[in-house]
Amino acid sequence: MKKIKDIWQGAEACAYGAMKAGLDFFAGYPITPSTEIAEYLSAMMPKKGKTFIQMEDEIASIVALAGASMAGAKAMTSTSGPGYSLMQEGIGYACMVEAPLVVCNVMRGGPSTGLPTKVSQGDVMQSRWGTHGDHPAIAISPSSVQEMYSMTIEAFNLAEQYRTPVTLLTDETITHMREKIEIDPDKDPPLVRRLCPTCRENYLPYGTFVDDVPVIANLGDGYGTSVTGLSHHDDGFQTADYSISRALIERLSRKVEKHSKEIFDIEVWNEKASIMLVCYGITSRSVKALLARNKECGGGLDIGMVRLKTLFPIHEETLWNSLAHAKHIMVPELNLGQIVHEVKRIVGHQIPVSLISKTGGELINPDELCEEVVKINHAR
Amino acid sequence: MQGEQYLNPKRIPTIWCPGCGNGIVVHAMMTALDKLSVPSEDVIFVSGIGCSSRTATYAACDNIHTLHGRALPVATAIKLVRPDKKVIVMSGDGDSLAIGGNHLIHAARRNIDLTLIIFNNSIYGMTGGQVSPLTPSGKRGTTAPYGSIEEQFDTVKLLEGAGASYIARSGVSFFQPTVKYMKNAVSHNGFAVVEVITQCPIYYGRMNKHKSPAEMMQWQKENMVSLEKAEKMTEEERSSKILMGEFVCKEKPSYIEKRASMFKELCK
Ligand SMILES: Cc1ncc(C[n+]2csc(CCOP(=O)(O)OP(=O)(O)O)c2C)c(N)n1
Ligand code: SF4
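If you're matching them up, the sequences are chains A and B in order.
Letter 264 of the first sequence, counting from 1, is numbered 273 in the numbering used here, and no numbers are missing.
Letter 75 of the second sequence, counting from 1, is numbered 71 in the numbering used here, and no numbers are missing.
Next comes chain B alone, as it looks inside the complex (with noise of 0.2 Å):
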């Protein structure tokens, strides 16, 4: 497999369910920067609780499992720390909008060197169902039995809102634009966001009444549409498809770029 030399062997078969997507988003991650050509020993894994958050435990680089919701802040003092490295988050849709939504607003505005790669399952996996602030209006969790009667964030607009300087998503039924994404984000300078849309066929698969994991795949195919197919659709055509793509791209200074700027300055 690609990118297997970033996996600890001796950690896996993980804890996910049979037909979970998180694998593949995991395998995406290790295509790219295998990909990337990047050292194993200049990576550090950073994650929340939650089912996607046990990724960085299966590196076989040096890695961190966190707090639920507060791996950004920790990703942010280690790449302070240690700004030679690439420190990569792995968390969940509620590890990082819902308990983590203030650090991960911050850290866009800070625009602090880490890339994150929000695993979108609409759903707390980990817990056993229950709504996350990524569930779309209307679906159901064991919390909200009778449909989310919440709006769901839109995280590329939020992101952009708050200042990330690389925004992409994407889906796991789209593998190669996925390690398109990843490795843009991976070499991006700044905050770089991939929101991969992943299934769980376990909790919101069949609260939803989704029949497999492959159905849900197929969703994705038939739901999600690109950038460049979107803009020859209707307004109204579109409103109904989740738009992927690179959203945002752009050059600004980083944070790490600030204060070694500043640094130079104070200590002449």
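Next comes chain A alone, as it looks inside the complex (with noise of 0.2 Å):
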């Protein structure tokens, strides 16, 4: 791959960042905004002998890419909040059986068909608890169309890493925008590829671990391989015992759970100033704008800015750390409030938690961000 300088939509650079991680196989239904990542790989794909398929619904998309990871490939599919939802249940299956796999999500307004070409930040809640029973998570947000494609590499990376699926949770705008990007593929992260058994002997699909991942081979490889998602044995069948239910669904969610600290990424602005706003995604934009022009007007406001570069799973303490010393946080969000509930149940108990809220399809601006922050400087 060659160094790259130029102006990008997000989804372009979404695609471009699935090719460079090694995505063998898409399958996805068109669903605005999300459309243009699968039609950039509809044409990128074929050309390097890669499976681009368009199925008959989102449910037939996310199922065929559990089958596809199971099969060894690195499977990516594109949607948005109706397709979502229709995902869930195939998200659930992935996590119960392992398969590591991303889904983008690019988030427009809602509930239902709500407002198809509108922004929004409503399904951060969905991307944790979406599917049913305790399950684990992994949640990243990109802000801007640089990080479309590297975190496109790292959802992959997370998602081979944890045999488990990784949402890249995006928003109509970062996905329809264009702006400056940069690739150095010498600067890319290297990628990961899950591990697979080397030994056919006394093997079982679910009995070898590392560090609570599962050695599995991959269906086709011949070595007996049986997957449900029904509550299993180490040899991948069903069982309704207690001990071997709990153990099994209390692995799954440490397996990340554990390494919530290595996971869990934030970008911090003037870390120390007493009004901090904790953001993420299109919505951390306006927070910078606004840091930008306080700071060129002579910093009359002492505001800072963490932005969650993950949303699941949080590292508690870091996020603790970064936010100990404000003396009042406020969390803008393009919803009626949901990361704000995370955020208060970690520092909310010593630190006031506001929620600054949007919704109905238009974004945040600086100016309205600056009104609120404001307020809050003169009630202190």
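Among the hints, a few may not be true.
Said to hold, decoys possible - To be clear about the criterion: a stretch of chain A counts as covered by chain B if any three or more of its residues have a C-beta under 8 Å from a C-beta of chain B, and this derived list gives those stretches:
1) 68 to 76
2) 235 to 249
Unchecked claim - List time: in silico BS3-like cross-link candidates among lysine-lysine, alpha-carbon distance up to 27 Å:
3) K318(A) to K304(A)
4) K217(B) to K31(B)
5) K56(A) to K264(B)
6) K29(A) to K189(A)
7) K59(A) to K264(B)
8) K248(B) to K56(A)
9) K82(B) to K59(A)
In short, the hints are calculated from the structure, not lab data.
Positions of the beta carbon are idealized from the N, C-alpha and C atoms, including for glycine.
Now that you have both chains on their own, put them together as the hints suggest.
Listed below in structure tokens is the structure:
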């Protein structure tokens, strides 16, 4: 791959990142505002002998990913709200059978068909608890076209590392906007691939673990791999045994949670400021604009930012440490309050936390943010 | 037993009730694979959810037991990743024609190189006897205690309209023909389906006043006729019978073949 310095659309950067990550299999169903990602990939993949398939719906797409993944492919789909809802049963299946895969959910206004062409951050909690039952969840949140590239690679690496579905939780604006991107292939992170067994003797698909992640032979390698979404033994056969089922459910969450410190990534500006804005995705662009403007005007407001590059899992201590000194925390979100509840849970007993909410399909602009911050500043 | 090398002895006995026809369907498939001398490493079994869908989990081959209705898209993907393998889907009538109906017509339309066996017991066995899209009109299920007022699908016509390139129908009372159709389906290029009529004595049988599994199998003998025999019957005689045989067997480019030629063209 060559060095690139260009103006790209977010969708294009995502598609390019997926190719860089080694995408073998894409299955999807068109939905605004995610469709461009599929369109780019439908042109790129066949030229490299990789499979792009438009399925009959999102349910088919997500389970196709699970099948492709268990047969050894690096697999991805892209979708938006209604499609993401349809995928939830399949995402739970992928959690249970430990199929690494990447779901790019481009958030648009909901609920239901909602605002197909407008931005939102309404699916944050769905990316954590969308499927039924206790399960692990990894969701990362890009805030630029550059990150649509780099975080797509990261999403594949996390999926392969932990053998679990990963949501690239982006939004209409980041996906559709065009801005500067710079790619230096030498600076891309090394690619991660799941471990595979090398010995057939005494092979059990869910019997050998590296750091709680099973070493499973790909379907088709003839090891006798057996996979089910039912609670299962080490040989992949169903069981309703209490202690086996409990151990399985606990391990699934533990394999991710115990690495939350490594996975959880934040960007901090003005770490000592008394008012800290906790933000993610497109909303952090408004926060950054406000902070830059404040600096230009001589720093009248004592404000800083913690940008969540990872939404789940949250490493509570890291988040707490980045906010412990603050006198007030504000959480701007394009919803009626989702990540704000996590922030409250983690720091709310010590520091006041308030929500800056906007829904209906428009961005929070820096002026609106400024107004809210000034109000708090006066009140203090 | 012929074909037992394809079964995992550690997982037997199955969960199936005494007198259930599922074991016969599975035996027919294992016999067909044995007759074709397919090495078990070359087969991947895929199932959805249901009594019949437990089949995948009993195989000694690589296998994946998926979600209710979703075996076909999973199998499609596996075949696309491993085109060198025989990918065989074992599915119930609810699994493949109700919740999975959309996937069924699209798998047929794509002519994707899979073998699908539909265990048609005319009922939802696993959940305790509710009506399915293959419950004959007027027959009872726990959710149609006064008899179903819906029409059942004709699987063969549905699949033919959707583009499947191999379609056969048989019944568990006709073991040798069933094995033959399964052999032909597994060897076929493209989407190949065998519907096998089987008995659920526990729910369908009880709800519809069939005395025993043996009586249900006898019913098949009396009510299913081969396409050859049917030709000699009058329209009226034929209308009360269930036809069995190979309805469609045609050569047309499969999805895997089309993908291969697209790749060849683009990667030149
Ligand atoms: C999404 C979803 N809906 C419903 C069910 C419950 N369910 C399990 S099996 C089944 C029907 C099985 O009938 P069929 O496919 O005909 O197979 P059989 O048990 O008769 O072999 C149903 C409704 C489920 N597991 N998942
Ligand atoms: S419930 Fe019916 S279909 Fe299921 S195992 Fe028993 S007899 Fe067979």
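query: So which of the earlier hints does this model not fit?
result: none
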